[in-house]
Each structure stands twice: as C-alpha cells, then as structure tokens.
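Q: Chain B: place on chain A using the hints.
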Amino acid sequence: MTDARPFVSNRRRAWRKFARHRGALVSLVVLTLLTGAAAFAPLLAPYDPEKLNILRRLQPPNETHWLGTDDVGRDVLSRLLYGGRVSLLVGLVSASLSVLIGVAVGGVAAQSGGFVDHLLMRFTDGMLAIPLFFFLLVVMAVFGSGLTQIVIVIGLTTWMPIARVVRGEVLRVKALPYVEAAQALGARSSHVILAHLLPQAVPAVIVAATLGVANAILLESALSYLGLGIQPPIPSWGNMLQSAQAYVWTQPMLALWPGLLIFVAVMAYNALGDGIRDALDPTTS
Amino acid sequence: MPRYLLSRLLQAVALVVVVSIVMFALIAGAPGGPAILVQQDVTAEAAETMRRNLGLDDPVHVQYLRWASRMLRGDAGVSLSNSRPVATLLGQRFGATALLASAALGLAIVVAIPVGVLSALWRNRPFDRIATALAFMGVSVPNFWLGIMMIILFSVTLGWLPSAGTGGGDAPWDARLRHLIMPAVVLSASSLAQLTRYTRASMISVLREDFIRTARAKGVPQSAVLTRHALRNGLIPVITVIGVIMPRLFSGAAITESIFAWPGLGRLAVDAALQRDFPVIMSLTLLVSVLVIVASLVVDLLYAVVDPRIRYD
Chain A
1 MTDARPFVSN
11 RRRAWRKFAR
21 HRGALVSLVV
31 LTLLTGAAAF
41 APLLAPYDPE
51 KLNILRRLQP
61 PNETHWLGTD
71 DVGRDVLSRL
81 LYGGRVSLLV
91 GLVSASLSVL
101 IGVAVGGVAA
111 QSGGFVDHLL
121 MRFTDGMLAI
131 PLFFFLLVVM
141 AVFGSGLTQI
151 VIVIGLTTWM
161 PIARVVRGEV
171 LRVKALPYVE
181 AAQALGARSS
191 HVILAHLLPQ
201 AVPAVIVAAT
211 LGVANAILLE
221 SALSYLGLGI
231 QPPIPSWGNM
241 LQSAQAYVWT
251 QPMLALWPGL
261 LIFVAVMAYN
271 ALGDGIRDAL
281 DPTTS
Chain B
286 MPRYLLSRLL
296 QAVALVVVVS
306 IVMFALIAGA
316 PGGPAILVQQ
326 DVTAEAAETM
336 RRNLGLDDPV
346 HVQYLRWASR
356 MLRGDAGVSL
366 SNSRPVATLL
376 GQRFGATALL
386 ASAALGLAIV
396 VAIPVGVLSA
406 LWRNRPFDRI
416 ATALAFMGVS
426 VPNFWLGIMM
436 IILFSVTLGW
446 LPSAGTGGGD
456 APWDARLRHL
466 IMPAVVLSAS
476 SLAQLTRYTR
486 ASMISVLRED
496 FIRTARAKGV
506 PQSAVLTRHA
516 LRNGLIPVIT
526 VIGVIMPRLF
536 SGAAITESIF
546 AWPGLGRLAV
556 DAALQRDFPV
566 IMSLTLLVSV
576 LVIVASLVVD
586 LLYAVVDPRI
596 RYD
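In order, the protein sequence lines correspond to chains A and B.
With my numbering, the residue at position 89 of the first sequence is 89, and numbering never jumps.
Positions in the second sequence are counted from 1; adding 285 to them yields my numbering.
Hints in this document: simulated from the structure, not taken from any laboratory.
A couple of the hints might just be wrong.
[Claimed, not checked] A few chain A residues that don't get close to chain B, going by computed Cβ distances all over 12 Å: (1) 29; (2) 117; (3) 176; (4) 192; (5) 194; (6) 199.
[Said to hold, decoys possible] Label pairs and their computed distance ranges (CB to CB): (7) A:233 to B:512: 55 to 63 Å; (8) B:422 to A:62: 28 to 36 Å; (9) B:355 to A:51: 45 to 53 Å; (10) A:191 to B:591: 45 to 53 Å; (11) A:118 to B:409: 38 to 46 Å; (12) B:422 to A:168: 25 to 33 Å; (13) A:61 to B:296: 54 to 62 Å.
We put the CB at the ideal spot given by N, CA and C, even for glycine.
Chain B extracted, bound-state conformation:
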C-alpha cells in the first residue's frame, strides 16, 4: 500500500504539471502572447515594451518555470477587470461554490443510489422503466434550459422559490435554503442521472453472480442477501463514478451559477471569460483542475480501503 500511495501521489503531481503546461501553452499561444496576462488587447508597441520588461525574450521553459513558481506561491496576478488580486477573488467565491457543489453531490448520492438499487431489483417493472427513462432524460437535458423552466414554474407561476442569488450571508437559514434548492437540483440533474444508471448496471451484474445464487439457495433471507451480499459488492464500483462526477459538477457550476446569479467560482469564470480577464480565468481553471485531481486521488484511495480484495502492490 505505501508503494501504491507514493506512485499514485506522483501520478497526481505529474497530472498537475501536464495541466499547467497546457494552460501555459494556451497563454503563450494566444494572440498577443503572455502579455495578455497583464493587459487586454495589446498593441504591437506595447507588446514590444512588455516583452522586455516581463522577460518574454527568455526561452519558453524559463518563462514557464517563472510562471509556475509564482502560481505555486499563490501569486496568481491581478484581475484585469477590477485590479484586485486573483487569489483574493477566488477566496471570496470559493465558499458559495463549495456549498452548491456539496449540496448537489449529496442530493445525487441520496437519490441515485436507492433508485438505482431498486431499479436493479425490480428490473423491467414499471418503477425501473420510469426511473430508467427519467435517468436517460437527465443525461440529455440542457441544464440551463432546465433551470429556466424551473424558474418559470417555481418562481414565476407558483411563486414558491426565489429565482436568483443566495439570499445574503445574514439571511435566516430557511431563506438561504430556499435559495439553494433550485440551483442544487439543476446542478445535480446530470450527475444524479449518471449515478442512477451506473448504480443500476452495477447492481444488476452483482445480482447475477454465483455467490448471490448460493446465498439464496442456502436459505439466506432476501433482505440479508441484498444488504450483506449484493449491496456491499455492488456499491463499491459506484465510488469510482463519484470521482468521475466531480469535474462534471464544476463544469455544471459554471452554467448553473450563471442562471441563478449564484456568486461562486463558476459565475466568476464565465464573467472572466466574457471580459477576457485572463489572469482570473486561467488561475481558476488551474485551481479547479487541481481540485479534481485531488478528488480523484482521494476516491482511488477510498476504493482501496473499502474493497479488501484490492491490494495495490
């Protein structure tokens, strides 16, 4: 295990390096070059002056190392649109996204796993058919449209839920919860659907295994077959899907936060992209990628802990 841990850690670090090289290549390849990180829509002369001042005549790998070491120290530059340090902006927005994403992930897990298990148990019966159809629609529905339709239904027509914002930091908890409901549902839709499909498939294949038949044949009660034999084996692979869902949640957050004016990282990313605020959008993407890499590392390790059959040597 320690050897596996070490190699998996090294892999994660290597991935971060690859991601940062891709990002830097984008900056270097941009029209105007790395100067876009300091000023928008650079003219030829301004670019020339900046070339000298910023050391842009140095070889590319020197520039990359200088940029990377600054990023490592948490110095991500200054936003071009409001001149504030990028790190401060990211820090302010992080909480809102963390809240929204964990609500969506929690919702997806709490709904998808029971529904997927029941679908597998009641295969081809009405419950399964409806759940499977809904899951199929869930992976196809554009979440921005789902969001607008929900606003039309729950805010415009019924007047039950607010259509935008978080309700503010000092609002009572029930007001904040009401603001959270629609964004969390919209953000979780596609993950929920994907997780349901995966849980169902995994459970169906476990229920076909010989040891399930053996357990039933020797007279183990149905409920014990399900909890002790089927669930334990069927849910382990589902953990890996949660790792796959993480990047999807972040991508979805960019759209969901824009629909519901949710002041998180996703909305910041969209605004930064619209304003061509490169330091912000670049650092944000790098940050989100690192979060995803760390999450998938944790999921992999968790997988090894949960499934005793897996021995990494």
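If we strip away everything but chain A, and leave its shape as in the complex, we get:
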C-alpha cells in the first residue's frame, strides 16, 4: 500500500475534470441562459414576433424597440427570442435523430459482422463522400422545406460519424472477456448488445452528440439563410440573417444579432463537447 490516495471512481474523476474545464462551464451557463430565454420567449418577448408594422420599419434601437425593428416593422428582440426556440430545438431534435440512426447502424454493423457489416460500412462511406451541404440541398429540393423536413433531413445526413464511432467502440468491447462470458452463459444477442456493448459506447456518443448539436444549428441556420430552411414569417436566426443582408448598407446592425447568437450557441456546444471529451479521456489530467 504505497499509494495513499483514496480511491476515486471513473465517474467522479470525470466530473471533477469537467468542473475544472473553464470553457465547458462557461458554455453550460451560456447554453442555460440561451435555452431559458428561448423557452420563456412568450413571457420575455415585448412584442408579437410576427406582427407587422410597416410604419415603424427599419427603426434603429430605441426605448420601445430595444434592438430596433426589421424590414417589415417587426420587433427584432422578440424575433430573436422566438427564433432561438426554432434554432435550438431543431439543433437538439435533429442531433438526437442523428444519434439514434448512428447508434442503430453502428451497433448492428459491429454485432452482425461479415457481409452485413461490410454492406453497412460501405453505405456509410458512400454517404460521407457526398459533400454534406450539397446532399442537404438535394434532399430539401426533393422533399420541400419546413420545420419537420429540416429536422429529418439533418438527422438523415449527419449520422455517419456516429455510426463509425459506435461500431469502433462495440468492436473493441466485444473482444473483452466479460462479453464472451455473457455469451457463454447463454445471453441472447439482443441482451448482449443492449446491456453490455452499447453502454460502453455512451461516452463517445455523448461527445459526438454534443458536437452534433452545434453542427445541426449551423446547418439549419445556413439552410434558412439560403431560403431553403425555416420559412418566414416564422423567425429563425438563419432566416433573420437572410432578410437582414438586403439592408447591410442602411441598417447593418440587423445582421449582427442573429449571427452572433448562432455563433455563441455553436461555440458553446463545441466547447461543451470538448470539455466532456477531455473529462472522459483517462489519459489527460
């Protein structure tokens, strides 16, 4: 007994490391604020985000409209709050869908092995070879734009890295003796996957999912910016930026806020993902 340090479980050590990661903690606070503001948008927003008032269009920030009004006289602050609902929700839901598909494909490939594995992985490679944004454009063109379509389309086009991670983790764990023991005891294949293999992939999936939310927010806002995503009058940070671009010469501030919020939200999810990865990585201190 030369080592006098008390035993620390992996989970607790990860948590301590996470708590020391300044970037990740700041991100957590920022994301809580953004999500809170979006969730309570109906209470916080001073105006109806879709109410037009042509007489008060393109106003600079003032006492009644703190961030001014847009090209058809809607209150920018109210639209930002409601737009956050759309952008953050699309990010979360489509990243979840992408995780579901990725885990299913990666898990099935690793557990089946052989031909099925080969087929699924070549399919994954093929999907990865298509530049993502072009892929999104094709699918949006075929199935049309709208909230539901966007979520489904982003989910269907971003699961591939997760499938690879899950497959790798499952294959690694599958070779460990305790899994062999479970099989020797007669555990069913489905039980082995759900109880023994997939849980081991959870840390890697959490990291991928967090980074995936950041990516999904970027994709939604880019599509909406191009006019292929969320359609006005429903506000999203992306489509607010699109309508603001026409007024960069007269009201440049209109373009500042929606983009800044996208930037901050994406940065926060990326930092959170990095923080979780560092915390879960036993080789860093």
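A: Positioned in the frame of chain A, the structure of chain B alone reads:
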C-alpha cells in the same frame, strides 16, 4: 504498391457506385418519382403518360442502369429552369469554383501550417493561446455571418473591397484579385481553423517522441531538430486532413458563393435547389462527390509516397 493502388482504385469506384445509388434512390423516392427529372410538379395524369414514355414501369435496377449509363456518357439531361444542357451549365461554372476553392485551400495551408507549428513549439504561451482561441472560434463561426460582417466592414464602412461578383472575365487582374479576397477568406475560415488545430496536435505529439529527445541530447541544433526531425514527421499526418477538408470546401462554396454572388457551382446548386431544378442539383452533387472521392484517393496515394514507413502490400 501496385496491389494497393489497384484495391484503392476499386474502392473509389465502389464509392462512386454507392453515391450514385443513393442519388438515384432519392430520385426514385421523390414525390412524383423519376418524372421530376423531366418536369416539375407533375400531375397524376402527366406522370402516368411519362411513366410509359420514360420506361418507368421497368424494374428499378434496369432504370438505374439506364440512368447511370447516360450519366457516364456525360448526358445529364436538361435544366428545368432554363432548358440548357446540364453538362454545359456545369462546365461554365466550374472555373469560378475551382479558382475560389484553390485560393481558399492555398490560404488555409499557407497560414495554418506555420501557425500550428509555432503554437506547438510555444505551447501555452500567449501566441499559442491566441491562435488556439482563434482556431476554436474559426470552427464555430457561421461562414454566412462572417461574410456579411466582412461586407459591412470592408465594403460598407471602409469601402476597400467589392461586395459581390468576380469583376468580370476581362477586368484587370488587380480588380479580380480584390473581388477574390473576401470570398476566399470566408471559404477558408473553417478549414484554416481545423488545419491549425490538427497541425498543432500532430506537432505536439511528435515533439514528445523519444527520437526528438535523442537528437537534442546528442547536441543537434534546435533548428535542425525542428526541420529535419519534427517537421518531417509531424506534417505527414496533416496531408490526410487536407483530404478531409475537400468536401468541406465544396459545402462551404455553396454558402460563400451565395453571399458574394460568385458565379460558381455552389451558387448554381443553391439556385437549382430553390427552383427545384432536379437534373442540375442531382448531377452537380454527383459531380462534386466524384471530385471528393478522387481527391481523397490522390491524398492517400500521396501519403504513401511522402511517408516511406508506409508500405501498402
């Protein structure tokens, strides 16, 4: 090596086939079916007539083979929005995107590699902290917002750079260069950031190796340790990242070209998607995917040439 070359080539071909099947499945699964390639918003009767004329009652694999063989011959159909052959449209737009993408890739390499190497050498010092923070922001910044902010700063406020277009084919070279600056910077932002992070990480792990310590211990000057031992080993893996960046550049081009009204393939893709011009958007995506597959094949082979330790048998 020849055996590796052959198997890698076959893999690339297989990938192209998988991509084309995905694309065809999208066409076949679209509301209206493959008829969308001939006419927009097909009615039920029109679709029925077309079914017979286009041979859409044939089994799916026959339809796929017919479509694929047409694509292979370069016959990608006719644009639904302006009735011109898709191949002609793609040909006209290719040059602008090639120019923009190579400028962005060049910028990313020229800036990211030195910055990444210096960051690794001066780890945790102010330079590294600033570079790392900027690289982190670079991977998170929405490039369409970055583009608009740059337009506000450099076109609206300072009046230094034009905000749209290429300046035209017969414009003097300095005018064309001024048009290229902002789109190239915006397109390279995320790749530059990613490449910086990767170069830094790769160099840090090489600098920890035993052979670096050995070289220093036997009195090799610092500059020689860096150039002869560290750089040669640290930069090899960076080549693979350049392969990863290629698809990102094409995706970014769709957005960047739309912000700056740059007449390339990316803008064509966005316009085609907005107008539901399926022959154009489908062929474009297929073309871009093939380019990416070829690029990653070249990068893999280059990797084998540059690193003598890698022997593919």
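Q: Would you mind marking each hint as holding or not holding in the structure?
A: Here's how the hints hold up against the structure:
Distance check on residue 29 of chain A: its Cβ is at least 17 Å (rounded) from any Cβ of chain B, clearing the 12 Å threshold; non-interface status holds. Against the 12 Å criterion, residue 117 of chain A stays outside the reach of chain B, whose nearest CB is about 15 Å from its own CB. Remark: the non-interface label on residue 176 of chain A is consistent with the geometry, its nearest Cβ contact in chain B lying 27 Å away (cut-off 12 Å). Annotated as non-interface, residue 192 of chain A keeps its C-beta farther than 12 Å from every C-beta of chain B; the closest such distance is 30 Å.
No beta-carbon of chain B is positioned within 12 Å of the beta-carbon of residue 194 of chain A; the least distance is around 29 Å. Every CB of chain B lies more than 12 Å from the CB of residue 199 of chain A, the least distance being 29 Å, so the non-interface label holds. Between residue 233 of chain A and residue 512 of chain B, the C-beta spacing of about 60 Å keeps the proposed range 55 to 63 Å intact. Between residue 422 of chain B and residue 62 of chain A the beta carbon distance is about 31 Å. The supplied range of 28 to 36 Å therefore holds.
Between residue 355 of chain B and residue 51 of chain A the beta carbons are some 52 Å apart, a value that agrees with the proposed interval 45 to 53 Å. At about 48 Å, the beta-carbon gap between residue 191 of chain A and residue 591 of chain B stays in the expected band of 45 to 53 Å. For residue 118 of chain A and residue 409 of chain B, the hinted distance range of 38 to 46 Å is satisfied, since their beta carbons lie about 45 Å from each other. For the pair residue 422 of chain B and residue 168 of chain A, the supplied restraint of 25 to 33 Å holds, since their beta-carbon distance comes to about 30 Å.
At about 57 Å, the beta-carbon gap between residue 61 of chain A and residue 296 of chain B stays in the expected band of 54 to 62 Å.
Violation of the numbered hints given earlier is absent; every hint is satisfied by the structure.
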